[in-house]
Amino acid sequence: MTTRYIDAGVNLTSSQFDDARDDIVMRAKQAGVDNMLLIGTNTQDSMHCLQLARHYGFVCTSGIHPHDAKSTQADYIAQLKTLFLHPEVVAVGECGLDFNRNFSPRSEQISVLSQQLELAEQNNLPVYLHERDAFDAMRAQLEQVKVHGVLHCFTGDKHALDFYLHYGLMIGITGWVCDERRGAQLQQLVPLIPDDRLLIETDAPYLLPRTLKPKPKSRRNEPAFVEAIVREVARLRGQSCEHVAKISHANFQRLFITRRGTQ
Numbered sequence: 001m002t003t004r005y006i007d008a009g010v011n012l013t014s015s016q017f018d019d020a021r022d023d024i025v026m027r028a029k030q031a032g033v034d035n036m037l038l039i040g041t042n043t044q045d046s047m048h049c050l051q052l053a054r055h056y057g058f059v060c061t062s063g064i065h066p067h068d069a070k071s072t073q074a075d076y077i078a079q080l081k082t083l084f085l086h087p088e089v090v091a092v093g094e095c096g097l098d099f100n101r102n103f104s105p106r107s108e109q110i111s112v113l114s115q116q117l118e119l120a121e122q123n124n125l126p127v128y129l130h131e132r133d134a135f136d137a138m139r140a141q142l143e144q145v146k147v148h149g150v151l152h153c154f155t156g157d158k159h160a161l162d163f164y165l166h167y168g169l170m171i172g173i174t175g176w177v178c179d180e181r182r183g184a185q186l187q188q189l190v191p192l193i194p195d196d197r198l199l200i201e202t203d204a205p206y207l208l209p210r211t212l213k214p215k216p217k218s219r220r221n222e223p224a225f226v227e228a229i230v231r232e233v234a235r236l237r238g239q240s241c242e243h244v245a246k247i248s249h250a251n252f253q254r255l256f257i258t259r260r261g262t263q
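Read in order, the letters of the sequence shown correspond to residues 1 to 263 in our numbering.
By construction, these hints were calculated from the structure, which means they are not laboratory data.
Think of the CB as a built atom: it goes at the ideal place given N, C-alpha and C, for glycine as much as any other residue.
Hints should not be assumed to be uniformly reliable.
If you anchor each label on the Cβ, the simulated ranges turn out as follows [to be verified]:
id, residue 1, residue 2, range
1, Gln122, Gly238, 38 to 46 Å
2, Ser111, Lys146, 16 to 24 Å
3, Pro216, Leu85, 34 to 42 Å
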């Protein structure tokens with residue numbers, strides 16, 4: 001029986017994929033990937049995600065990334081609400097806080113995140129969260145609402161992991177875990193994630209797994225390489241690749257597909 005994978009986060013709208021989007025999707029399907037969550041980062045990008053999700057038969061998010069918080073239009077919440085009318089749009093995001101790069105002022109990041117968390121809470125939609133070097137501020141925002149969803153591309157410490165798990169979020173693991181240098185802390189924490197909270201995502205075209213051999217000449221990550229992340233996560237957890245793929249697939253279905261279908 002062929003192992004089925006999901007990619008719980010891919011930036012398919014990235015210009016890095018403009019020359020080969022159909023081929024990227026074809027290779028993913030040949031590798032056993034039967035669904036992907038396409039990540040929207042602003043209103044225009046979210047509209048593009050919706051178009052691609054419809055075209056390829058995937059699902060997507062709609063939201064404002066913290067890098068784009070400074071560029072939001074006055075009616076962006078209304079635009080997001082319109083996007084959520086489409087069944088392919090299954091989560092609010094990518095939203096969150098990034099105090100590492102600070103491409104948007106922190107106060108604007110917090111304001112835009114707060115509005116999106118309220119939108120998710122009011123509409124019972126999952127959130128697709130980004131947090132980089134901003135745990136205290138993220139915790140303060142989450143404690144003001146009660147939402148469900150996933151902490152995308154988790155790279156925090158055990159204190160942060162404990163909070164996100166206790167809050168009820170799923171944890172997204174990317175190719176960061178395949179990096180023996182900067183991923184060393186994450187490698188220690190991956191075994192602590194319960195089976196029913198684990199999601200595997202590539203964040204392609206970024207975070208090409210360092211364990212991947214041979215590496216593509218393009219040095220560009222893609223959904224077909226999700227198996228490399230599954231393999232490393234399975235090794236760290238002492239589980240089979242088939243088991244890790246299965247639980248991630250089930251968690252994806254429960255968080256994004258089944259819940260959306262019952263609303």
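Here is how each hint holds up against the structure:
no.: 1; hint: Gln122 with Gly238: 38 to 46 Å; result: holds, 41 Å
no.: 2; hint: Ser111 with Lys146: 16 to 24 Å; result: holds, 20 Å
no.: 3; hint: Pro216 with Leu85: 34 to 42 Å; result: holds, 38 Å
Violated hints: none; the structure is consistent with every hint.
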